[in-house]
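Undergrad: Kindly produce the complete structure, drawing on both the sequences and the hints.
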Amino acid sequence: MNNKKLQAKDFITIGIFTALLFVIEFACGMLGFIHPYIVASYVILIPLLGAVPMMLFYTKIEKFGMITIMSVLIAIIMFVTGMGYLGAPLIIISGLVADIIAGMGRYKKSKNIMFSYGVFCFWICANYFPVVVTADSYRKNLLDGGYSKQYCDNLFRAINSKTISVLLALCFVFGCIGAFVGRAAVKKHFEKAGIA
Amino acid sequence: MQTIIDIKDATYKYKGARNNSLMGVSMQVKKGETILLCGASGSGKTTLIRLINGLIPHYYNGELQGSICVKEKDVSKTPLYNLAGTVGTVFQNPRSQFFSVDTDGEIVFGPENIGIAPKEILKRKDNIIEQMKLNKLMGRNLFELSGGQKQRIACASVAALLPEIILLDEPSSNLDLQSISELGKITRKWKEQGKTVIISEHRLWYVKDFVDRVIYMKDGVIANEWAGERFKKLGEKEIRKLKLRPLLLNEKFSNILCFKSGQKSFKRMEETDSIILKDFYFSYKRKPYIFRKKKFTQSDGEHLNLCVQNLAIPKGKIIGVIGSNGMGKSTFLRCICGLEKDCTGVIKTDGMVYKGRARIPVSYMVMQDVNHQLFTDSVKEEVLLSMKEKDEERCYCILESLGLLEYKDTHPMALSGGQKQRVAIASAVAAGASLLLFDEPTSGLDYSHMEKVGDLLKQLAAMGKTVLVSTHDPELIERCCEYLLCVNNGKVEYV
Amino acid sequence: MTVRLDPRTKLYMIFVVSAVVMMSATNSLLWALRIVVTILPIAFLIMEKYYASALRFLILYVTALGITFTCLSEKSTGFFMAFLLGYCSIIVQFLPAMITAWYVLRTTKIDEFICVMQKMHMPDGITISLAVVMRFFPTIKEEYTSIRDAMKMREIMLGTGNVIKMVEYRIIPLMFSCVNIGDELSAAAITRGLGEKVKRTSVVELKMKVYDYLLVILFSVVLIVYVVFRNVK
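Residue numbers (my numbering), protein chains in the order written: chain A, 1 to 196; chain B, 1 to 495; chain C, 1 to 233.
No lab work stands behind these hints: they were computed from the structure. Since we're looking at a predicted model, the values are computed, not measured. Just to be clear, a hint being listed does not mean it is correct.
[Claimed, not checked] Pairwise CB distance ranges, derived in the manner of DEER restraints:
no.: 1; chain 1: B; residue 1: Met387; chain 2: A; residue 2: Val173; range: 35 to 43 Å
no.: 2; chain 1: B; residue 1: Gln178; chain 2: C; residue 2: Ala32; range: 50 to 58 Å
no.: 3; chain 1: C; residue 1: Met47; chain 2: B; residue 2: Gly403; range: 53 to 61 Å
no.: 4; chain 1: B; residue 1: Lys185; chain 2: C; residue 2: Ile39; range: 44 to 52 Å
no.: 5; chain 1: C; residue 1: Val198; chain 2: B; residue 2: Met387; range: 56 to 64 Å
no.: 6; chain 1: C; residue 1: Val198; chain 2: B; residue 2: Gln131; range: 21 to 29 Å
no.: 7; chain 1: B; residue 1: Leu405; chain 2: C; residue 2: Val198; range: 54 to 62 Å
no.: 8; chain 1: B; residue 1: Met463; chain 2: C; residue 2: Leu60; range: 45 to 53 Å
no.: 9; chain 1: B; residue 1: Asp74; chain 2: C; residue 2: Val198; range: 16 to 24 Å
no.: 10; chain 1: C; residue 1: Lys152; chain 2: B; residue 2: Lys237; range: 43 to 51 Å
no.: 11; chain 1: B; residue 1: Asn61; chain 2: C; residue 2: Val221; range: 52 to 60 Å
no.: 12; chain 1: B; residue 1: Asn61; chain 2: C; residue 2: Met122; range: 29 to 37 Å
[As the list claims (entries may be wrong)] Keeping only pairs whose Cα atoms sit at most 25 Å apart, straight-line, the calculated DSS-like set for lysine-lysine is:
no.: 13; chain 1: A; residue 1: Lys60; chain 2: C; residue 2: Lys197
no.: 14; chain 1: C; residue 1: Lys197; chain 2: B; residue 2: Lys125
no.: 15; chain 1: A; residue 1: Lys187; chain 2: B; residue 2: Lys15
We put the CB at the ideal spot given by N, CA and C, even for glycine.
TA: Here it is, written out as structure tokens:
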């Protein structure tokens with residue numbers, strides 16, 4: 001029972017929580033359709049909302065690899081849904097680092113979990129990667145493709161290679177805040193109900 | 001005969017639980033025996049099943065003492081996957097126990113896992129399809145099947161592993177009468193094939209004829225044991241005393257529930273004070289309109305899943321709603337409480353006419369899975385949430401009347417199933433709904449809990465609420481229903 | 001006529017389409033290819049009898065494409081135009097990948113999927129988890145529908161209370177259900193031997209047929225053309 005290696009039931013748990021997280025991401029993505037600027041607020045929305053399932057997830061398995069595998073799954077799903085593979089390294093590395101940080105606190109210390117989740121939230125920036133990394137050529141392509149200059153300006157005002165570091169920082173900060181919120185939700189509901 | 005399961009002095013406590021779930025249980029099972037486990041919920045039946053299939057101690061955390069041997073293997077030292085080919089388990093909830101999305105994949109899932117050659121698997125699959133007559137279910141999406149059909153696929157999936165021991169953990173909980181007798185046939189066939197079968201069950205009528213031994217559990221110990229023949233002859237009184245459901249299906253109800261003949265033993269509708277449902281038409285199958293949603297009328301005829309032109313429901317009474325699965329019971333309830341927007345029926349009561357969204361506050365449905373309708377973090381909050389003007393006095397009053405006052409600060413999810421149901425009812429009362437709908441409130445309940453639900457419904461009726469309860473449970477109907485509505489192919493009639 | 005594609009072909013389709021949507025089309029040849037790789041999955045959806053979703057995708061795509069092209073010819077200015085154009089270009093850009101993903105998700109059985117992943121020597125952990133993700137989307141949908149119904153009945157709706165509560169009432173019950181279902185699902189899967197050390201077998205016979213090869217060649221050509229154009233420029 002106290003096997004340190006991940007077992008079949010852990011993989012199932014990982015799958016379930018990945019599905020939940022992705023559903024939340026997708027819901028936020030739908031909001032992004034309302035206006036391009038909302039796309040930029042992913043870095044706030046997703047860390048906060050995603051924290052609820054994630055904080056429960058942290059209490060569920062407590063074995064090394066849980067977050068790494070989740071990040072691999074997210075990378076695959078992102079790729080499949082057309083977000084490209086450029087973000088994959090970022091997603092997987094942040095997942096791995098998050099795993100290590102949480103592992104150092106044996107998946108129990110709240111400080112470690114907070115930082116771990118903050119780092120994990122970097123994956124959200126992968127949403128912007130295709131635009132940022134290829135920003136210049138992308139913009140040129142858009143203009144060549146006949147998109148109006150105004151639209152391009154609109155798009156790139158919010159997202160360019162300078163803002164990516166800001167976005168990463170925002171992800172981290174809101175990840176940490178989200179960790180608090182999520183933990184509060186877990187305490188309020190799941191611990192009180194005896195699950196987790 | 002050879003002993004295949006040997007449990008010696010097993011005591012078990014779940015992690016975080018206050019009491020032991022099992023206390024010093026010893027039991028031997030011989031190869032080829034068929035055993036029925038009965039007893040109230042919480043008496044340790046499920047825990048015993050989990051001991052045999054190895055989920056305890058390999059999956060659930062807790063403290064285990066004693067030894068369990070299955071086919072001379074110590075379960076606690078045998079990894080679960082080594083038990084997979086020996087012990088198969090059919091679980092209670094048909095919704096959560098399948099891994100695949102399609103029926104074919106589900107049947108071959110087990111054998112594939114334990115690495116059996118593909119040719120052999122396909123042979124087994126064909127055999128099982130033939131045996132269980134599953135032809136019609138093949139190539140379907142599991143999410144589209146009814147509970148009974150899912151449960152048959154679950155049985156097939158377990159059988160495909162060719163286990164010597166098959167465990168069934170309250171398999172009939174979510175099924176209608178027809179599916180239950182179907183399940184009985186499958187189990188009987190397993191017995192004939194010489195498999196060792198252990199069934200944990202509340203409903204005794206479909207298993208009593210072929211079990212070899214009956215074990216009665218109470219508070220974590222084996223309290224009594226009978227040979228199958230003896231058990232069958234137990235009188236009604238003794239069964240009642242054990243708090244078990246009856247051995248025989250009351251014929252009056254089984255006939256009605258299976259639509260054999262219309263015995264008229266229920267009160268006929270008199271034109272007294274009543275709630276009138278008018279023009280409730282609904283269909284899931286839309287005619288090919290793409291952009292414009294079409295309102296349904298009677299002229300849609302055959303297409304309709306629900307067709308109620310004019311129906312009077314006596315006020316302040318309990319009305320049972322029966323009918324096989326897929327005949328439109330749930331649709332009927334959903335339309336009444338306004339969940340199906342496209343159903344444009346009108347509710348008339350007390351000289352008021354409710355249309356469209358106005359219907360929602362009139363009625364309230366307690367869903368089959370109550371978990372979906374509990375939102376807050378305490379029972380009190382849950383009730384207050386339903387009130388337009390937050391009135392703590394009244395909230396306590398309601399809780400008091402439903403016996404929930406001592407749990408007012410507990411998280412709804414920490415309560416037992418029956419208590420959750422009462423919380424949902426409390427919020428319905430708080431919302432001021434006068435028409436309460438129940439979707440299978442007693443599925444999977446033992447006799448005494450069923451009795452409690454029955455009493456609760458009576459209490460609601462006494463408070464002046466009109467209660468519509470959709471059910472497969474003949475004992476519940478006998479206990480509390482004064483009128484009986486039968487839903488057949490979308491048509492609703494009094495029996 | 002039904003053409004059932006090999007799951008590997010489907011995965012390759014996803015790979016190519018996802019790569020293609022990342023690169024913008026700059027001339028009519030590239031646009032044509034892009035449209036081809038969008039129409040193909042829609043055609044397959046129709047072949048697999050998912051008429052409604054195929055039609056919806058088709059309408060959405062054609063409309064967006066139409067608007068993009070007509071607006072592009074004029075010099076589009078103004079807030080509304082930029083707005084509309086923004087929508088449509090996002091749709092035109094990413095919808096192909098969505099359609100393909102939808103098609104593959106809908107028509108690939110979990111069994112086939114696991115088999116392919118094993119053939120590609122993916123670690124078991126990732127295979128199992130991904131299979132669960134695939135199985136769990138419909139479950140989440142089912143559960144969420146019930147929860148929304150329950151909210152409707154109690155007249156808890158967006159806009160009637162504070163936002164945090166609205167989100168809480170949706171996410172928390174959903175998570176309770178999912179955790180419960182997950183527990184039962186794992187128990188059922190494990191007692192049927194999931195996670196066994198023995199190599200898993202599969203009754204799925206993977207066989208590339210003629211049209212599989214044709215499709216792979218077609219999609220490879222598309223990919224090559226895109227890569228070449230991109231780098232030549």
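Undergrad: Hint by hint, which ones does the structure fall short of?
TA: As far as the earlier hints go, not one is violated by this structure.
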